[in-house]
Structure formats: C-alpha cells, structure tokens
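Sequence lines, in order, name chains S and L.
Residue numbering for the first sequence follows the working numbering, starting at 1 and increasing by one per position.
Residue numbering for the second sequence follows the working numbering, starting at 1 and increasing by one per position.
It is worth saying that the hints were derived from the structure and are not from the lab.
Hints should not be assumed to be uniformly reliable.
Restraint-style ranges between C-beta atoms, simulated for each label pair [unchecked claim]: (1) 306/S with 185/L: 23 to 29 angstroms; (2) 144/S with 185/L: 33 to 39 angstroms; (3) 126/L with 267/S: 31 to 37 angstroms; (4) 156/S with 274/L: 18 to 24 angstroms; (5) 61/L with 33/S: 28 to 34 angstroms; (6) 204/L with 312/S: 52 to 58 angstroms.
Note that beta-carbon positions come from the ideal geometry of N, C-alpha and C, so glycine has one too.
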Amino acid sequence: MSAPDAILLEAVDAACHFDVSAPLITRIVERRPRRILKAVDGVSFQVRRGRTFSVVGESGCGKSTLARLVVGLERPTSGSIRLHDVPDAEGRPRRPRLQMIFQDPYASLNPRWRVEDIVAEPLVELGLVTGAAAISARVRALLGLVGLAASDAAKFPHEFSGGQRQRISIARALATEADLLVCDEPTSALDVSVQAQVLNLMRQLQAELGLTYLFISHNLSVVRHLSDDIAVMYLGRFVESGPADAVFTTPRHPYSRLLIETVPDVEAPNRDRAPMAGEVPNPIDRPAGCAFASRCPQVEPACRLAPPPLVAVDADTRVACRLVPARADAAGPVAAMVP
Amino acid sequence: MSAGPVLDIRGLEVAFDTRRGVLPALRGVSFEIAAGEILGVVGESGAGKSLTGTAVIGLLEPPGRVAGGAVMLEGARIDGLDANAMRRIRGRRIGVVFQDPLTSLNPLIRVGDQLVETIRAHLPLDRTAAEARALALLKEVGIPAAEERIGQYPHQFSGGMRQRVVIALALAADPILLVADEPTTALDVSIQAQITSLIKRLCRERGMAVMLVTHDMGVIAETADRVAVMYAGRVVEIGPVAEVLRRPRHPYTAGLMASIPSMRRRNAALAQIDGSMPRLDAMPQGCAFHPRCPKAEPACRAAVPLLAEIVAGAQHGEGPRAEPGLRAAPSHRAACIHADAASAAAFLPEAADVRA
Chain S
1 MSAPDAILLE AVDAACHFDV SAPLITRIVE RRPRRILKAV DGVSFQVRRG RTFSVVGESG
61 CGKSTLARLV VGLERPTSGS IRLHDVPDAE GRPRRPRLQM IFQDPYASLN PRWRVEDIVA
121 EPLVELGLVT GAAAISARVR ALLGLVGLAA SDAAKFPHEF SGGQRQRISI ARALATEADL
181 LVCDEPTSAL DVSVQAQVLN LMRQLQAELG LTYLFISHNL SVVRHLSDDI AVMYLGRFVE
241 SGPADAVFTT PRHPYSRLLI ETVPDVEAPN RDRAPMAGEV PNPIDRPAGC AFASRCPQVE
301 PACRLAPPPL VAVDADTRVA CRLVPARADA AGPVAAMVP
Chain L
1 MSAGPVLDIR GLEVAFDTRR GVLPALRGVS FEIAAGEILG VVGESGAGKS LTGTAVIGLL
61 EPPGRVAGGA VMLEGARIDG LDANAMRRIR GRRIGVVFQD PLTSLNPLIR VGDQLVETIR
121 AHLPLDRTAA EARALALLKE VGIPAAEERI GQYPHQFSGG MRQRVVIALA LAADPILLVA
181 DEPTTALDVS IQAQITSLIK RLCRERGMAV MLVTHDMGVI AETADRVAVM YAGRVVEIGP
241 VAEVLRRPRH PYTAGLMASI PSMRRRNAAL AQIDGSMPRL DAMPQGCAFH PRCPKAEPAC
301 RAAVPLLAEI VAGAQHGEGP RAEPGLRAAP SHRAACIHAD AASAAAFLPE AADVRA
C-alpha cells in the first residue's frame with residue numbers, strides 16, 4: 001500500500017497562544033499587562049502513515065487545541081504543521097485528506113438531517129461522487145463499512161444509540177477517503193461495552209484501509225489499547241513521547257509515571273495508593289521552570305529555574321526532565337526515582 | 001453502633017407513569033450497606049443506578065414513583081415519608097454528593113456561609129460554633145489554607161477543591177449514610193484519585209456507610225468494598241469487589257470486565273457485548289440480558305433468574321478484605337442460571353486467546 005514509516009503529519013515546534021488580555025482601555029487604565037494563554041507551547045512530533053499517534057493528558061493541557069491546529073481550525077502562532085503527500089491510486093503524490101471525529105456524537109450530527117444526507121454531505125460538497133444513484137450506493141457502502149444497515153440511511157440521528165451515532169460520524173469522516181483521522185476523545189461519551197465496539201471498529205478500519213489516526217484522549221487504557229506511539233502532554237508541552245509500549249511499561253518522566261500509576265486498575269482491586277498531590281498550574285501564569293515542579297515528588301531547586309528541553313533518552317523515547325539523563329542507561333534513573 | 005445494616009433496600013421498584021403505560025425502571029433492587037462499608041453500584045447508562053440513589057434520598061421526580069419494596073435506614077422505613085420528614089433526613093442522616101460540584105454549590109454565596117447555613121439547618125448550633133465546625137470540616141476534607149478559603153466563592157476553587165467543599169457540605173451534620181452519585185466523573189484522573197482516597201478515608205474514620213454510584217469500574221475497583229452490578233433495573237451480581245471483578249459470574253459482568261481495555265498489555269481486539277440495553281418499554285421476557293448473552297438458552301427466556309448465592313466449591317482463592325464491623329464473609333450472588341457453572345465468563349476464553 002504505502003512505504004512503511006513514511007511520515008504523514010509532522011509538527012515542528014508548533015505553538016498556539018491565545019491573547020486573553022482585558023480590553024485595551026481597561027489595560028491602560030488599570031495598568032495591567034497583556035495576558036497570553038499558551039495552550040500549545042512548542043511541540044514537535046511525527047505521525048507515520050498507517051499508525052496511531054496518541055496525545056494523552058489532563059484537561060487544560062492543550063491536547064484538544066493541538067487537534068484543532070492539525071485540522072486547521074486554529075493557526076499556529078509559531079512553528080509549523082505539515083502534511084506530507086501520499087501516493088494516489090496511480091502512485092502519483094497527492095495531498096492527504098484529513099477529517100475529524102468529535103467527542104459528542106449527540107452534538108456533532110445535525111438532528112434534522114437523515115443519516116444518508118449526513119454521510120453524503122462530504123461527497124456532494126467535495127464533488128467526489130456525482131449522480132444521486134452513485135451517491136446513494138456509496139453512502140450504503142460506507143454504512144456497511146462501519147457496521148450499520150443500509151436501511152439505517154433513511155433514519156434520523158435520534159433513532160440511534162450513542163455508539164451507533166459515533167459509527168455515523170466515522171462513516172461521514174471516511175466518505176472523503178480520508179488518510180488521517182483526527183479523533184478528539186471519540187469514546188469518552190460512551191459506555192464501556194459500546195466503547196469496545198467503537199474501538200474495535202477503529203482498529204479494524206485501520207487494518208483494512210490503512211488509516212492514520214491522531215488520537216486525543218485523557219483515558220490511558222483506551223490510549224494503551226489503540227496507540228503505536230504516544231505523547232504525554234502537560235501544560236502545553238510534551239513531557240514524554242515514544243512508542244506506547246515503552247512509555248507504558250517504563251515511563252520515565254515523573255508525571256507520566258504518576259499518571260499511569262494513578263489510573264485505577266480493574267485487574268488489581270482494593271489497591272492502596274497515594275494519589276498525586278496538587279493540581280495543574282494555571283496556563284496563563286506558567287511557572288518559570290519545569291511546569292510539573294509544583295507536584296513532582298523528585299523536585300530539586302534547579303527544576304524551577306528553566307524548563308527542561310525534550311531530549312532523546314534512547315532511540316525512540318524523548319523525555320523533558322532534567323533528572324532523566326539523555327541517552328544514558330535508561331533503567332538507572334527510573335529505578336533510582338522509585339521511593 | 002447498631003448491629004444491623006445502615007441502609008437496607010428490599011425489592012425496591014420504581015415506575016414511571018406515562019401516556020404509553022407504566023414503565024418499570026427499577027424492578028426489585030435489594031442490597032444492604034453496613035457502617036464503615038463502601039458499596040459500589042455500577043452499571044451503564046440506563047441501568048437504574050442513579051435512580052436507585054435518587055429513590056434512597058427521596059428525590060424522585062414525578063412521574064417517577066416508588067411502586068414497591070422498602071428503603072430502610074437503620075431499620076426504619078423511609079420510602080413512604082412525606083417531603084418534610086424526608087428533608088429532615090436528607091442532609092442530617094443521609095449526606096449527598098452529586099457529579100458536578102459547580103451546580104451543587106451556590107455561585108453567589110461564600111463557601112463558608114453555605115456550610116454554616118447547612119450546619120445550622122440540621123444542628124442546634126449558634127453562628128460562632130457553626131463557623132468553627134465549617135472550618136473543621138474544610139480541614140477534614142483536605143482543603144489547604146482553610147482559614148482563607150472559607151471566605152471565598154465557589155469560582156475561586158478548582159474542580160477538585162469544589163468537590164471537596166461539596167463533600168464537606170454532605171458531612172455537615174455527621175450523616176450515617178453518604179450517597180455519592182458519580183462524584184469523580186467530572187474530574188481528571190489525578191484529581192479523581194484524590195477524591196476517591198478522601199471518600200475512603202472519611203468512610204473509615206467516621207464509620208459511615210457509603211453508596212457510591214458510578215459507571216466507572218476503575219473507581220469501583222479502587223474504592224469499594226463490595227459492588228452491585230446493575231442491568232436493566234435489577235442487580236444482576238453483588239459481592240466483594242475482588243471476587244466480582246476477578247471472577248465475575250454473571251455473563252454481563254464478565255462481558256463488561258472484558259470490554260475494558262487493559263493498562264498492562266495491548267490486545268488485538270476487545271471483547272464486546274453486541275447490542276445495547278433494552279428500552280423500558282421493550283423489556284425482554286425472562287432474563288433482561290438474554291438477547292445479548294452468548295450463553296442464552298430457552299430457559300433464560302422463561303423466567304427471571306433470582307440473585308442466588310454462588311455455590312462454594314468454585315475457587316475462592318483470596319478471601320474478602322477483613323474489615324472490622326463487617327460480617328466474616330460477604331456473600332457473592334449472581335442472577336443467572338449459569339452462575340454456578342465452572343465459569344459464567346463466556347467472554348473470557350476468547351479474550352484469553354487474544355492476550356496469549
């Protein structure tokens with residue numbers, strides 16, 4: 001299909017800042033400075049074709065803003081987001097297509113439209129298929145692809161459960177023959193048994209169609225299940241990125257480690273654990289040094305001086321912590337940090 | 001402390017009278033919660049878990065009504081009480097914590113004043129004593145710099161801190177029962193862990209009974225002593241958390257457990273329960289789960305299976321946690337005619353193959 005490891009999406013030092021200052025007059029009268037919210041503050045990553053790259057973090061860390069940057073709903077303040085060409089059916093390079101799947105399947109489908117019109121809209125708008133019969137056939141094929149019946153095309157969204165609605169969202173996204181699907185918390189509104197149906201569908205579609213996913217979630221077990229590579233985000237920056245297996249089995253940044261330990265484990269009930277203390281700092285008044293310093297159990301005075309850069313600690317994993325030595329014996333510092 | 005359970009629900013039925021007829025939302029829910037015990041009530045949307053909590057605290061909205069059964073608080077029936085009597089119990093003997101801390105607090109009143117108002121509504125204290133108690137409560141729920149925070153408004157608190165304030169409000173009159181409906185659902189995992197550990201500590205220190213309603217099996221695993229799994233208005237399985245989560249006997253519980261992605265490994269595919277929960281106006285005959293159940297047989301359609309003790313002889317590897325004040329071995333019961341088979345976990349063999 002396509003060359004393995006070909007890069008589809010690449011972000012280089014991408015940042016998205018919002019000016020949340022008071023109005024100009026108020027600022028002058030009350031002598032208040034500008035206030036800049038650095039939602040995304042310089043992230044770099046590459047997503048390989050046919051793979052799943054996940055961004056995980058708590059609310060307010062900037063992961064949804066990152067998704068909006070990638071689909072072009074926000075413009076980067078600095079840095080760049082690039083899509084690399086993919087080969088078309090004849091092997092010539094073409095621009096990749098991307099689509100978004102949103103969190104809330106109750107809000108992202110027009111309640112007054114029939115499913116066939118919802119799924120056909122991208123086909124009609126982009127002129128991908130012409131002729132009523134051809135459009136109708138394509139819509140039915142798409143519904144079949146996501147496990148819905150052809151007869152569902154004539155129904156309205158309210159006639160479907162949450163999981164089925166998310167299938168409609170996926171069918172609509174696939175209508176454009178998208179290469180990259182940006183999924184922002186696609187299963188957060190669903191019950192677990194329904195979530196399993198949607199996650200299985202996403203994996204199956206990826207295998208069949210060679211889709212690339214940029215997956216945004218706060219749910220670590222879902223991320224673990226779906227991802228090839230992950231990035232852990234904290235206050236607008238990546239604190240750790242690398243292959244999902246490596247990050248989950250040997251998290252190196254203190255935040256990743258605490259986050260993974262904090263998730264309740266249904267396989268180990270009644271576990272006693274010490275919850276992570278403190279809360280995420282205000283992104284408007286970003287601390288000068290490491291953003292995690294206020295909650296970090298291993299914090300040293302030097303951590304508060306300058307933000308640590310994201311550096312490679314082995315072939316694939318990068319960590320932004322001054323306590324994790326770059327490219328050294330990776331197991332050493334982790335073992336040393338465990339109290 | 002009385003010997004009996006703090007909360008005893010027996011065959012509770014809740015129905016909604018609608019134009020299309022009477023819709024049975026709870027169809028005979030029974031469980032007990034002892035002092036110092038956390039019972040998790042878990043289920044998916046529409047299972048009736050929140051409705052059970054609402055019926056216990058007497059806040060059912062018409063057309064919903066208690067259609068049968070009994071709710072006993074320390075041995076006395078509370079389900080038939082009038083609104084005034086119920087108002088005196090709610091807040092005084094039953095504390096309540098809801099999902100969204102922002103809607104549980106009045107945004108225009110300082111948190112200290114909200115606490116003082118609640119305390120004085122239920123306890124015979126003057127303002128000074130009530131203020132001292134409010135401060136002590138804020139400290140008890142772990143709010144740093146409580147002396148300053150007591151004069152602030154809810155918007156000055158973060159989500160996790162707000163939920164601590166709501167818990168302090170629920171504890172204002174030393175209730176014997178805390179009903180917490182999705183108390184951590186609106187919070188991030190790291191904050192969620194702080195709140196669940198707070199609820200555990202308060203339950204232990206105060207000897208309170210806690211009914212923890214949630215859809216999140218992880219929160220149950222982390223917090224509860226026992227768990228009741230609900231499906232379509234009934235408890236289908238109940239028992240000690242470790243037992244139910246590790247050795248589920250009802251196929252629904254087994255399917256639910258297998259559909260949760262693991263943090264430890266990456267599976268090829270998740271076990272999934274096809275279909276969805278039946279609607280109230282289209283309840284299947286017999287076991288409500290049979291249309292989705294991989295082990296369904298004709299007998300499942302014939303009669304509703306009752307909650308029955310899991311017959312010993314099945315492996316009981318680890319006993320339940322020894323808790324002072326609890327009966328020696330809380331029972332593990334499931335409502336399935338296959339529950340006594342070696343394993344009702346019809347979903348598990350498949351999942352095991354995938355993991356291998």
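Hints and how they fare:
1. 306/S with 185/L: 23 to 29 angstroms: 38 angstroms Cβ-Cβ, so the 23 to 29 angstroms window is violated.
2. 144/S with 185/L: 33 to 39 angstroms: Given a distance of about 35 angstroms, which is inside 33 to 39 angstroms, the answer is holds.
3. 126/L with 267/S: 31 to 37 angstroms: At 52 angstroms between Cβs, range violated.
4. 156/S with 274/L: 18 to 24 angstroms: holds (23 angstroms)
5. 61/L with 33/S: 28 to 34 angstroms: violated (49 angstroms)
6. 204/L with 312/S: 52 to 58 angstroms: Given a distance of about 46 angstroms, which is not inside 52 to 58 angstroms, the answer is violated.
Consistency note: the structure conflicts with the earlier hints numbered 1, 3, 5, 6.
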